[in-house]
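Novice: Protein chains in written order, with the numbering used here: chain A, 1 to 345; chain B, 1 to 256.
Simulated from the structure, these hints should not be mistaken for lab results. Possibly wrong hints are sitting among the right ones.
As the list claims (entries may be wrong) - For the chain B half of the interface with chain A, some residues (derived, Cβ under 7 Å), not all of them:
id, residue
1, D30
2, S94
3, G113
4, P116
5, P117
6, V156
7, V158
Beta carbons are placed, not taken as given, at the ideal position from N, Cα and C, and that holds for glycine.
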Amino acid sequence: MTVFTQPVTRLPRRGVRWLACLLAVAMSGGAAPPAMAYQTYTVRSGTRVEMLKWHHFPVRYFVTDRAAGGISANDLQGAVSRAFNTWQGVSTARVSAEFVGFTPADPFDDDGMSTLGFLSRPDLDRVLGATDYLINTTTGEIVESDIFFNSAFPWSVSGESGRFDLESIVLHETGHLFGLGHSAIGETELRAGGGRTVIAAEAVMFPIAFPAGNTSARTPRPDDEAGLSSLYPREGVTAETGTISGRVTRDGQGVLGAHVVAFDPETGALVGGFTVNAQGDFTIARLEPGSYLLRAEPVDDADLDSFFDDARGVDVDFRVAYHDRMVSVPKGGGAPAVEIKVVRK
Amino acid sequence: MLRTMIAGVVGLASLAAAGAARATVVVPADLTELARAAHVIVHGRVVSVQAQWADGRRGVETIVRLQASDYLKGDFGSEVLIRVPGGELGRYRSVMPGAPTFREGDEVVLFLGASPPSLPYVLGLSQGVFRLVRNPATGGTVVTPPPLVASATRVVRVQRGDPLRRRPTLEQFARQVRLIVAAERVRGTRERGKSPEKRVPDKGLQDAHDAKRPDGSPAERVPGTQLQDARDAKGLDKAPVKRVPDKRQQDRRQDR
């Protein structure tokens, strides 16, 4: 079984909007904006489940020695270095990476070298960047991870209008390199006449890119930081936080793939988790002690393959619902199990 | 070499079956954009999934063989081979986060791109994948995820759990896609008509309109607006699936 772990998300200034939205929805009982925390990978080996992660630091990486998309090799390396430094700066986690050098090799070659660089891949249309792993599925250890950036798009390292911000995309992909999955703390809208665009995101790991020219995804949000610290925790983090667990049910039956959001109105913390089995069980870990409002929502606005390895059993046929009372989370422990009941659309 | 490095590792188990996250930054598309961009839109069932070395054993890719039931756009014949990144070969598992995964027996509608001589690929990595699943409430089959379709005239915020956005039946979904494809043909024809060099008055419009009448009944007036086209095309769900031999696409397929 794959385990999703979603620690605390604190919302800084930008989170005020989310907080307000969530409260408004809670009061009205209407549909809510999407909110989701990060996910991490796991691998199964027999009866054991291992978290997909690096076992040795620093992660040693290469950068391709070619210019593309308006970006020189040095500029690419600079953006990559800044992104790794940003992740290394997350105070609740411990990760490190080391630039080995430039290489003529391509990303996505299974050659034992973690390589980041531009590629032309017509078959990866609409993909700005992607990360590829080779893994030891016995231990969950990542042994190689390559990142490609699509040379078909216009890029910039200075936030130039009409060009995608390379550093933002590098930060997202290097988050994957460390083992983070996608967050869905983001909101989209459909444009008049066709097309979809992101209008807000509170996670670097949100899978849909901001429009070209936007540089706001250069800084990890609390959700991203919590994800990283879940994989590579600083000593003492676990004892400082608590957990909410429970079930999402409809007509007494468990709901698979429901997204559950815990929201602390006092601090603005948003925390997410998924129900991970047919019983509708979920666990939301790494919560700051406090009182939380819980909401369950379907992931009915996304391509499910982007979030689930096997999306066939994922249920999206229900309305947003709230737990009928606040849940108190103790420090270093778990709140009593809860049940959130949903109804069909 | 990595293969040497992990050769001694105990045999691989597969990734957990449920819920592993994916990992790619994409430019999002709504259904209209997908339908416009697709060379082919096919409904069918996966009959085989085979991983293989790609690019001279430099990486792993998976070839998906699809038994086509019908086409909503274009035509690749009764069987379609699709290439998706990643896969598992022996003791090696290559994961391209964000890439779709398929299993034998999966029933899907795929929006495919083509870049000859390579095999077709799913548009937008996994954005072009719509799966047919059983609806326990009705016992019928529905398409998931429910498609997102932009309004012609207004911005629409996407809200999770919106009770108005439900998973359509295959027939409803197919109708919606055909509507978009037909409207796109009309639009394309109009744009070509604006060019003096390529002006072919009303031919494409008439084709699009006639295409909505596979029973051969006389066509009515050629609609004057895209909105009218859309309204007219609402009857498409009652029509049999339209198979449009596409010589160029077939040639591509044979090139493989």
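Novice: It remains to establish, for every hint, whether it holds in the given structure.
Specialist: Cross-check of the supplied hints:
no., hint, verdict
1, D30, "holds (5 Å)"
2, S94, "holds (6 Å)"
3, G113, "holds (6 Å)"
4, P116, "violated (10 Å)"
5, P117, "violated (12 Å)"
6, V156, "holds (4 Å)"
7, V158, "holds (5 Å)"
In this structure, the earlier hints numbered 4 and 5 are contradicted, and the remaining ones agree with it.
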